[in-house]
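Trainee: Chain by chain, the residues:
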Amino acid sequence: MSARHILQAGNTLDQEGGRSLHDAFSALHLKRGDEVFIDLAAAETMDSLGGAWLSRIVQEAARRHASVAFGNAQSQVAEFLEVISPALRAAPEKPRTEPGLLESIGDATIRFISESREFLNLCVDALYWTVIAPFEGRGFRFNEFLDEVYEMGVRAVRIVCLMNFLVGLIIAMLSAKQVESFGLQIYVANLIMIAFARELAAVMTAVVVSARTGAAIAAEIATMEVQEEIDALRGMGINTAQYLVAPKLLGLVVALPCLTVLGMVFGVLGGALWGIVVLGFRPSIWYQQTLGAADMNDIIQGMLKSFFFAIAIALIGCHNGFRVTGGSRGVGRMTTRAVVMDVFSLVLIDMVFATFFYYIFKQGVPGQP
Amino acid sequence: MNLAENQRRDRVIAEDAPAIIEVRDLVTHYGEVKVLDGVSFSVRRGEVFTIIGGSGCGKTTLLKHMCGLLRPSSGSIIFQGRDMAAMDEEELAGMQRQIGIAFQSSGLFNSMTVGDNVAMPLREYGNVDPRLIEPIARLKLSLVGLAHAYHYMPSDLSGGMKKRAGLARAIATDPELVYFDEPSAGLDPIMAAGLDNLVLKLNRLLGTTFVIVTHELDSIRLIADRILMLDRGRVIFLGTVEEAERCSVDRVRQFFERRPDEYIEQRAAE
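Listed in order, the protein sequences are those of chains A and B. Just so we're aligned: the first sequence equals residues 1 to 369 in our numbering. Just so we're aligned: the second sequence equals residues 1001 to 1270 in our numbering.
Derived by calculation from the structure, the hints in this document are not laboratory data. Take the hints with a grain of salt, since some may be wrong.
As a list, the in silico EDC-like pairs of lysine to aspartate or glutamate whose alpha-carbon atoms are at most 20 Å apart [what the hints assert, rightly or not]:
(1) B:K1064 / A:D47
(2) B:K1201 / A:E228
(3) B:K1201 / A:E82
(4) B:K1162 / A:E136
(5) B:K1064 / B:E1182
(6) B:K1201 / A:D47
(7) B:K1201 / A:D14
(8) B:K1034 / B:D1188
Computed from a predicted model, the values in this text were never measured in an experiment.
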């Protein structure tokens, strides 16, 4: 049998008045289905803290499966209650945020398929506007392309050189120690040369560029999307792939292989510094050994990789930028995602190349062509 | 409309009502350009005070000075008996907590739900019983007609809803003084009228003093107790709506009669 409890409000329903009403409510022994009637006849004024206490009482009553009614409110209090009436209803359950297992798998699959389709569309668009459209006389933003080469290439020269130089130094340091007991330290020059020509210069440079340029591309396009600049472009009938993607893609395809060549040179210099200064080889000997270690094929292999790395970094940056939702937070999320996807794709491409060269050209072991 | 007009008539702010904030001889520069030039006025407790003027006349700059976001070149801003222009950062932060600001583009935090946005100042200031934070946020959202949007993200809201949510956050801590920058800019007339009524409702129910920057004539006629008009950084009019409509200053007449700049040139020629 449900009961009806009556509470009397004081003459002011403010912080204190509301709290004493709440205390009185908390002291009630409520059973499922009980009703609490709050008599506001004595209340002359109320403020929002008083209102918040009333709202709190309603929510707590709902949790205890009881209901609350207000009555006899006068003038200002009645008007206030009417205005805040939505807050005086039991709050709906917080929307369910955790989907079930099947739902998650289904969601993830659908998201993956739709994202893959978007990425493919972007690739086709970018390819067309970068490679085909300029020859059809449909325009290419040459000045923007030059700007991008400067921004992505020239301005990254110092950090790329420094990184590769230091990595060359470290590899020389580590490998010299390993071969010391065999007296084969001169072969460190071979190792450094082969490693940088085929692998390290391309990968290290691409990692630096994806952190620097990949993130910048994603953040720039995402911010444009959030601020409706992308919509403005589309609204003007301008193709975003032509306007934004093509100059960046071609810019990076030109800049990254150039940076990779610099990376090779500085990586080898880093190794040479250790070989000459610490291991004590004569510069001419180290130089001859280095030159004899690799041929043009090795260098081309590294350059070819950097070409594909450039395509991946530019397209992944653009793709993530266009996919942004939800304002500044979304921009941050997409930038992070772009860098993570960049680095992962670098490793993936590198693995494909390694496998390819190992089985097709039998170049897995340096010095055994 | 009638309802709102009736509400206006039965409440007149006395001329000798105490000032809640007072601006004295405010001068400010952006580089070489003088943006505000000797601006002086005071806002009475409990009134709806509007600042009007053409684009680029210094309205928003004035508002930013009045909440301490910008520091003046000279002059003072007296709030609660103390000069905000002469305070250090810490004191100023204490003062700013007593002023609610609703920004033109709402200024909601995109990473939080609407409810958390409103609850944020209550949580940060830490002077409210923690049990009350969620009820207060719900109540303020109810006041602005957004009770249903508690769990929404700001990106799910329309322009008008964002403004109302921004206002709910501005009044979250029950400040005596609320600044509202361009409440109706970019809104449809229905939404704009809704915001006008909201301002009147909050002013009446909570006794909040509003300082509103706007250039919507309909809105000014409906809600303003007094109007301050700026032109090229100077005060050219201060008074009630009726006084403004009767004012003989060319710029004021031009504004209220919605005439283009040729009108002034024509009058000057006469």
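Trainee: Which of the listed hints are not met by the structure?
Mentor: 1, 2, 4 and 8
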